[in-house]
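K.L.:
Following the hints, complete the assembly by docking chain B onto the known chain A.
Protein chains in written order, with our numbering: chain A, 33 to 365; chain B, 33 to 365.
Keep in mind that the hints were calculated from the coordinates and are not lab data. Here the structure is a predicted model, which is why all the values come from computation and not from measurement. Mixed in with the good hints, there may be bad ones.
[Stated by the list, open to error] Keeping only pairs whose Cα atoms sit at most 27 Å apart, straight-line, the calculated BS3-like set for lysine-lysine is: (1) B/LYS84 with B/LYS144; (2) B/LYS136 with A/LYS250; (3) A/LYS179 with A/LYS248; (4) A/LYS233 with B/LYS81; (5) B/LYS233 with A/LYS81; (6) A/LYS84 with B/LYS233; (7) B/LYS136 with B/LYS248; (8) B/LYS335 with B/LYS358; (9) A/LYS355 with A/LYS189; (10) A/LYS233 with B/LYS84.
[What the hints assert, rightly or not] Computed Cβ-Cβ distance ranges for the label pairs, DEER-style: (11) A/ARG192 with B/ALA211: 40 to 50 Å; (12) B/ASP146 with A/MET261: 39 to 49 Å; (13) A/GLY309 with B/PRO264: 27 to 37 Å; (14) B/ALA211 with A/LYS176: 52 to 62 Å; (15) B/LYS136 with A/PRO111: 27 to 37 Å; (16) A/LEU263 with B/ARG257: 30 to 40 Å; (17) A/ASP121 with B/GLY87: 33 to 43 Å; (18) B/GLY256 with A/ARG254: 45 to 55 Å; (19) A/ASP68 with B/HIS187: 52 to 62 Å.
We put the CB at the ideal spot given by N, CA and C, even for glycine.
Number of protein chains: 2
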Amino acid sequence: MKTIYKQNLIAAVLVCALAIATTIARAADSLPSWNDGAAKKSVVEFVAKVTKEGGPDFVPPAQRIAVFDNDGTLWAEQPMYFQFAFALDRVKALAPQHPEWKDKEPFASLLKGDVKGALAGGERSILEIVMATHTGMTTAEFEKVVKDWISATKHPKTGRLYTEMIYQPMVELCAYLRANGFKTFIVSGGGIEFMRSWTEKVYGIPPEQVVGSTGKLKLELRDGRPVLMKLPEINFIDDNVGKPVGIQMHIGRRPTLAFGNSDGDLQMLQWTAAGSGPRFMGLVHHTDAEREWAYDRTSSIGKLDKAWDEAQTKGWTVVDMKKDWKRIFPYEQ
Amino acid sequence: MKTIYKQNLIAAVLVCALAIATTIARAADSLPSWNDGAAKKSVVEFVAKVTKEGGPDFVPPAQRIAVFDNDGTLWAEQPMYFQFAFALDRVKALAPQHPEWKDKEPFASLLKGDVKGALAGGERSILEIVMATHTGMTTAEFEKVVKDWISATKHPKTGRLYTEMIYQPMVELCAYLRANGFKTFIVSGGGIEFMRSWTEKVYGIPPEQVVGSTGKLKLELRDGRPVLMKLPEINFIDDNVGKPVGIQMHIGRRPTLAFGNSDGDLQMLQWTAAGSGPRFMGLVHHTDAEREWAYDRTSSIGKLDKAWDEAQTKGWTVVDMKKDWKRIFPYEQ
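Isolated chain A, as found in the complex:
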C-alpha cells in the first residue's frame, strides 16, 4: 500500500509539474516581447495561481479586474505628455480665431515656440491651455479633432505616430490577461475623451473601460438635437489620491492587478494592495535611454520616487525596461 501511495504521489506531482510547465509555456507564447526573468515570471505565476480553479488563490472571473496607468505605462510620455503635444498643436490651429492670444499668456509664448516660457505660470498656465483646447465644443466634435490629430501627427524624436509608441510587451500583457478572464481598464490622469478615441483600436480596451480626468459636460439642444457640450470646468482629476476614487466611481470593485510607472500611481497601487486575497502590483521602470528614455527619481514627467521605494519594501514587481523587454515599440525589429 505504501508503494502505491508513493507512486500516486509521484504521479500527482508529475501531473502538477506538467500542468505548471504547460501554463508557463503557453504564457511564454503570449508574451513574446518579454525576456525571461523575474518580472515575467512574477506575472505568469500570478495569473496561473488566480486562474487555478479549486486552488487556494483562485479569483472568480468577475473579480479579475486589471487596471493600467496610460502615460509611461502603456505608451511613452517623453519629452512631454502626448496629450500636451496635442494641446499645443491645437493652440496653433486655433490661433487665427483668437487674435487676442498674441498678447495673452500662456498663449503668446506658445505661439512664439517658447514652451518653457508658456509654462512659467505653472499649473494655471497648463489649465488655461487645456481649457482653451479641450472645451467649448461638443463631445462629438472633440472626438473628431482628436482622431484627426492622432492619425496624422508624428512624434518629434521617433517620427512615428503617437499610437505606434505603445509598449508592445504591455499590449501583450493586456491581451494575455484578457485571455485569462481579466477585464482590462485604463486608469489614467489623462483626459478620458482624449484616450477613448483610440484605446480600443490600439490596446483593445473599449471606451467604457477607460477611466480618466474629466471636465463638466452639459446637455444642450442644437437644431432640436441633443448634444453634450464640453464646459471649461474641471470635473475630476484622476491622478494620485484621485485614482482610487476614480476606480471606485467607475469600476466599483478593487482591482486584482494594477500597473503604473510613477508616483502618480502610488495610491492606486496601495489601494490594490490593501485588498484581501492575491493581488499583483507592478511598476514600469524607464531604464533604456537608447531604445526609449531613462528617468525616475528626479524627472519632471513620470517621476518615480516614493512608489519605487514602496515597491522595494513591499516586494512589488518592478519591470526594468532595458533588461525585461526584448522589444519596446511594435515597430522595432
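P.N.:
For chain B alone, coordinates are given in the frame of chain A:
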C-alpha cells in the same frame, strides 16, 4: 433560365423566412414571461436585424450598448423608491447615536412615523435624510449596511424581499440581449453604491456597468490602510438631463437600446434616438393595479407624461405591463 431564376428566388425567400422564423422562435424561448404582442415583436425584430451579419442594420458587438433605468423599469418603485425605504430604516437604526434628531426636522417627524411631515421640507429634507444615512462612513462599511438591509427587509405590501420585486420579463430581456452580444448597463437616478451591492446577483449586471448618482469620495488612511470615505457632498445626479452626461462619462458611447419608465428617462431616450443607425427606445408603462401598480401622468413617483407623448409621436415601444407581461415578479406562478 427564367424558371431557374424564379426557383432560386423562391428558395432564397424560403430560406430567409425559415431563418427569421427560427430566430423568433429561439427568442420566444428566451422571453417566456412576455405575451406575444407588438412590444415583444418590436424587441425581437430589432435584435434580429442588428445582429444579422452583412445586413443593412448590422451593429458590431462592441457597439451593442443597452442601458436600463432601474426604479420602475427593472424593479418596482411603489409606494416609495426602495432606496428611500432603506434611508428611513437607517434613520431609525441610527437614532440612538443622534439624540439631537428628536428635535430636528426632518428626523423628528420621521422618528414619529410621520413620513409626509418629514418631507414637507421638499428636496432639502430628502437631501438631509440621504446625507445622514449614506455618508460619514467608508464605501466598504456602506456596502455591508446595504447588503444586510437588502437581504432581510421585506416590502410593506407584498411581504417579499425588495430584490424579489424585480420584473421577470426585464430580467429575461437583459439576458436575451447579452446572449445576442449586448453589454447591459443600468443608468439610474439611484445611488451607485446602493445598487452595486446587489445588481450582479439579481440582474447579472456587474458593478462596473452600473451608472448612478454619486456623492464625493475621499481617500484617507485608517490605521495605515487606505479607505474611501463617503463625504456629505453630492457629486453627480444621474437623472433627467444628467443621464446622457452619466452615459458619456461612464460608457463613452451612445447606447443602441434604452429602456426607461418615466419622464426622468426622457433625455436618455432622446440621446439614444439621436444617434445614426438603428436604435431602440422603450418605456415600461405601469398599467396593472392588480399585480403591480397603475400610475402615469399624475404620479409623484415615476411620473410618465412627456416621455409618453414623445413615445407616441416617435413610435417608441411602450410596454403595457398588464397586456404584455405574462408574469411580472419572479415569485408569481
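K.L.:
All hints, please: hold or fail.
P.N.:
Structure-based check of all given hints:
For the proposed pair B/LYS84 and B/LYS144, the alpha carbon gap of about 59 Å is over 27 Å, so the pair is violated. Taking the CA atoms of B/LYS136 and A/LYS250, the gap is about 36 Å. The hint is violated against a cut of 27 Å. At roughly 21 Å between alpha-carbon atoms, A/LYS179 and A/LYS248 fall within 27 Å of each other, so this suggested pair holds. For the hint linking A/LYS233 to B/LYS81, the alpha-carbon distance of about 25 Å falls within 27 Å, and the restraint holds.
A distance of roughly 25 Å separates the Cα atoms of B/LYS233 and A/LYS81; the hinted pair therefore holds under the 27 Å criterion. Straight-line distance between C-alpha atoms of A/LYS84 and B/LYS233 comes to about 23 Å, which keeps the hinted pair within the 27 Å bound. About 25 Å separates the Cα atoms of B/LYS136 and B/LYS248, which keeps this hinted pair within 27 Å; it holds. For the proposed pair B/LYS335 and B/LYS358, the alpha carbon gap of about 24 Å is at most 27 Å, so the pair holds.
Between A/LYS355 and A/LYS189 the CA atoms are separated by roughly 23 Å; this keeps the pair inside 27 Å, and the hint holds. Restraint check: the Cα-Cα separation between A/LYS233 and B/LYS84 comes to about 23 Å, which is no more than 27 Å; the hinted pair holds. For A/ARG192 paired with B/ALA211, a C-beta distance near 42 Å keeps the hint of 40 to 50 Å intact. Taking 39 to 49 Å as the suggested C-beta distance range, the pair B/ASP146 and A/MET261 conforms, at roughly 43 Å.
Distance hint for A/GLY309 and B/PRO264: a CB-CB separation of about 32 Å, consistent with the stated range 27 to 37 Å. Separation of B/ALA211 from A/LYS176 is about 34 Å and departs from the stated range, judged on CB atoms against 52 to 62 Å. As the Cβ distance of B/LYS136 to A/PRO111 is approximately 59 Å, the hint placing it in 27 to 37 Å is violated. Checked against the given bound of 30 to 40 Å, the beta carbons of A/LEU263 and B/ARG257, roughly 37 Å apart, stay inside it.
Checked against the hint of 33 to 43 Å, the pair A/ASP121 and B/GLY87 passes, with Cβ atoms roughly 40 Å apart. Our hint of 45 to 55 Å for B/GLY256 and A/ARG254 holds, since their Cβ atoms are close to 52 Å apart. The beta-carbon spacing between A/ASP68 and B/HIS187, approximately 59 Å, falls within the hinted interval of 52 to 62 Å.
Figure legend: structure checked against the earlier numbered hints; hints not met, in rising order: 1, 2, 14 and 15.
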